[in-house]
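J.: Just so you know, the sequences run in chain order S and E. Counting along the first sequence from 1, when you hit position 266 you're at 266 in this note's numbering, and nothing is skipped either side. Each position in the second sequence, counted from 1, maps to that position plus 1000 in this note's numbering.
Be aware that one or more of the hints could be misleading.
Which residues of chain S face chain E? A few of them, derived with a C-beta cut under 8 Å, are [unchecked claim]: (1) Phe120; (2) Glu121; (3) Ala178; (4) Met189.
For the record, the hints were derived by calculation from the structure and aren't laboratory data. Being a predicted model, the structure only gives us computed values, none of them experimental. Built from N, CA and C at the ideal position, the CB exists for glycine as well.
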Amino acid sequence: MKKIILAALIGLTSASASASTVLVTGSNRGIGLEFVKQYAADGWDVIATSRSPGDDADLQALAAANTNISVEQLDVTDLAEIAALASKYEGTPIDIAINNAGMIGDRKRQTWGDLNRDLFEQMMAVNVFGPLKVTEAFAPHVGASEEKKVVVISSVSGSIASVRGGMPGAPYYSISKAAVNMAMRGTAMGLKEQGIAVAILHPGGVDTRMLRQAFGLSKAEAEANEDFDYRGFSPLTTEDSVAQMRDVIAGLSVERSGDFVQYDGTEMPW
Amino acid sequence: MLRVTALLLTLFAFTTANAATVMITGASRGIGFEFAKRYAERGWDVIATSRSPADDAEMQALAAEFENVSLETLDVTDLDQIDALAEKLRGTAIDVLINNAGISGGRNTQDFGEIDYTVFDDVMSVNVLGPLKVTEAFLDHVAASDQKKIINISSGEGRLSNVRGARQVFYRASKSALNMVMRNVSLHPDVQAKGVIIGILTPGFVDTDFTSGLPKQIMIDVETSVSRSMAMIDKYDLEMSGRYFANTGDEMTW
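Just chain S, with the same shape it has in the complex (with noise of 0.2 Å):
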């Protein structure tokens, strides 16, 4: 009797063991949407979030196809919607939080002669605090699973030691990806005693409608133009990123927390 107990509780260890979690915000589109489908693939259960799902048709029909992932409406910039979300999923150990959701803005608004605070409020608040604000309200979730890691995407953008045009496409965009590695960053060293890995990534120069707009397009165009010529660029796909990018977090350890890698492995300078 006592080895049948025994044999269940391993099956039943075994099976949840299996069966990780990840949450991805921003999943909607480009390199998000990826990481839910890969994931998902992966027999992974996927919680994937984004401000308003129910206009999202593609990751309707993605969660539609696939059991284990479950859709969730959550903007990064809205604190309730943060806690709330915590708080429905509390006892649910997730295993990877990839903090995905970003902007990069209209570059027309974040030029010299042209600086506004609107703009510059919105992309620190979606770029820097809302990641920070997620794994702080979901550190617990993440502490309590086996893999324990937090990953943010970021941006070769806040290489400061890489910047080579002044104020190029978009200052803002710089800015908050500088200050969103430095957050990060510090706070990678605060979750170690927890066991938590922080990467923060640069997914590469990838197709997506945010690179268009990064070439100059402006979110309509970039959003229509999905054969965009990125003039002698060869961009990567979301496949290829997110599939290098799952790899480097497979092998993600606390003792390299907190470093700023490339979608290859490759670090990156600060």
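Given the coordinates of chain S, work out where chain E should sit on it, guided by the hints.
T.: Below, chain E alone, put in the same frame as chain S:
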């Protein structure tokens, strides 16, 4: 007689040329106030700004003591006020603009578990958007001067390559962000064409209101810090623009 007049004229011209102008943000206290005092003692024209100089007894006393000190109201989070002051001072050449105004956000308001959006927003507005906007608005005043220097008071706390603990993430992120944007500004075509030098300078760990409650034995006093910074500012050239220096002269990695 003619020679004496010529000599006097030469002296006069020399003196006038030497009356350089410095503008300092956040000049009501600490490092900013000390900058104002020391440049005033040096004989420079000093434009000392703070959020409310009219209510500030120390600034009033300084302006009363030195006729070369003028006080201006400037909240660096008020972009319209920045533009208005730039307009008011149009035609004034500013040799050295010191973006000094900054806030720490406090120590218990940005710990994990306590992080607060209002504090975050204030820290980013004052420490990042403020200096950027002031630089944009006053670029022409600085470009019209002899020295053409915009010096940003950063912090070693903004150094990404040297993070050991989790303290003060907003403040530190704001200083990394300031470094990023000022490096960008230093390479901006307008700034380069005008020959304006962008300094990113760390003042050291200074005993001011800003650091109250922290161990004094590892701090330097404000006089020492500002002496070092002024010596560095004298030395700044285009070669040093957009790089990250301690005021002791050591260049730092980002």
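J.: Run through the hints listed earlier and report the numbers of any the structure violates, in increasing order.
T.: Going through the list in order, the structure violates no hint and respects every one.
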